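> Those protein sequences? They're chains W and P, same order as listed.
Positions 1 to 82 (our numbering) are the ones given, in order, by the first sequence.
Positions 1 to 220 (our numbering) are the ones given, in order, by the second sequence.
Some hints here could point you the wrong way.
Claimed, not checked - Covered stretches of chain P (chain W as the covering partner; in silico rule of three or more C-beta atoms under 8 Å from a C-beta of chain W):
(1) 72–78
(2) 128–137
(3) 202–212
Unchecked claim - So the derived label-pair ranges between C-beta atoms look like this:
(4) W:Leu21 with P:Phe4: 23 to 33 Å
(5) W:Leu13 with P:Ala165: 37 to 47 Å
(6) P:Gly155 with W:Trp15: 39 to 49 Å
(7) W:Thr2 with P:Ala77: 37 to 47 Å
(8) W:Leu75 with P:Ser8: 34 to 44 Å
(9) W:Leu75 with P:Pro147: 14 to 24 Å
(10) W:Arg46 with P:Pro106: 26 to 36 Å
(11) W:Thr2 with P:Val82: 24 to 34 Å
(12) P:Leu73 with W:Leu47: 29 to 39 Å
(13) P:Leu21 with W:Leu21: 11 to 21 Å
Source of the hints: derived by calculation from the structure; they are not laboratory data.
Computed from a predicted model, the values in this text were never measured in an experiment.
Virtual Cβ for every residue (Gly too), placed ideally from N, Cα, C.
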Amino acid sequence: MTIAFDLLLALSLLWSAWRTLATPRLDRAIVLFTIFGLLMSLACARLAAPDIGLAEAAIGAGLTGALLLDAYGALSRRRNAP
Amino acid sequence: MKRFLHASLVLTLASAFVFFLAGAMLELGPTAIDLRVPVAAHLPESGVTHPVTAVLLNYRGYDTLLEIAVLLLALLAILAVVGEAPTSPSRRGHSVLQAMARLAVPSMVVVAIYLLWAGAFRPGGAFQAGAVLAAAAVLLHLVGLLPSWSRPRLGLRIGLAAGFALFLAVAAGLLTQGSLLQYPPAAAGVLILLIESGLTVSLALILAGLFLFLSREAEA
Numbered sequence: 001m002t003i004a005f006d007l008l009l010a011l012s013l014l015w016s017a018w019r020t021l022a023t024p025r026l027d028r029a030i031v032l033f034t035i036f037g038l039l040m041s042l043a044c045a046r047l048a049a050p051d052i053g054l055a056e057a058a059i060g061a062g063l064t065g066a067l068l069l070d071a072y073g074a075l076s077r078r079r080n081a082p
Numbered sequence: 001m002k003r004f005l006h007a008s009l010v011l012t013l014a015s016a017f018v019f020f021l022a023g024a025m026l027e028l029g030p031t032a033i034d035l036r037v038p039v040a041a042h043l044p045e046s047g048v049t050h051p052v053t054a055v056l057l058n059y060r061g062y063d064t065l066l067e068i069a070v071l072l073l074a075l076l077a078i079l080a081v082v083g084e085a086p087t088s089p090s091r092r093g094h095s096v097l098q099a100m101a102r103l104a105v106p107s108m109v110v111v112a113i114y115l116l117w118a119g120a121f122r123p124g125g126a127f128q129a130g131a132v133l134a135a136a137a138v139l140l141h142l143v144g145l146l147p148s149w150s151r152p153r154l155g156l157r158i159g160l161a162a163g164f165a166l167f168l169a170v171a172a173g174l175l176t177q178g179s180l181l182q183y184p185p186a187a188a189g190v191l192i193l194l195i196e197s198g199l200t201v202s203l204a205l206i207l208a209g210l211f212l213f214l215s216r217e218a219e220a
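Just chain W, with the same shape it has in the complex (with noise of 0.2 Å):
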């Protein structure tokens, strides 16, 4: 049971990381960096080091997905006003 979730999650970071990197459309690229940073988190858990875990996901996937989304937000309305 346990071996199957490993592989699970070790298949969706894989994809997730392929699917950031691939998708032409930045906003979901966003969303998709935000999701690979908690299966990351959830990784770290896995491998025994909660300590990283938090950080990851406190600083990878929280901080700096909204850190993005917010970037982003910022070059849409810019390309919209003029």
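With the hints as your guide, set chain P onto chain W.
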């Protein structure tokens, strides 16, 4: 035909690379120095019972000191580049979002304080606590309850530098006893908690500042 040749060449090279990479990983010998044993042996003298916190703030405290210095420097560089601008009124958020943020932020503050306290004996610590506090500030800004910061006033300046200054003061104070950042075992726990509290406040302000100083330009 040419395309097929190209594809097969790339595939061959890539699979050879993967093959050698896997071989190198499997051939990795046992690590020359096993640091787990000395870390566990000196844990009673470190003032905390969680090995990660012991490494970050006691054995390798110098690294953490430089880390907070680098983060502070990054924020100062951003401030130097962005310059001064008047605070723009934050955009209006949806009232449901605002109500949710009002509910979420107090519990985030409690979680941050818990993480700071738990760092001594289980996973947690200043960096995670600071990140949660910063996320709370970013959430408040995104729903329109917290305006972006125009420029650092005195209180904010003190808060940004407090963690680094406190860490440096402790390091300098311990210099009289021998070497840099060598805590006396009796006071180590209190000193680490003091440093971590300062670090949490500064980290929260620095990480939130990366967001709140930059986002005002976008709104103008």
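> Need the list of violated hint numbers for this structure, in ascending order.
1 and 11
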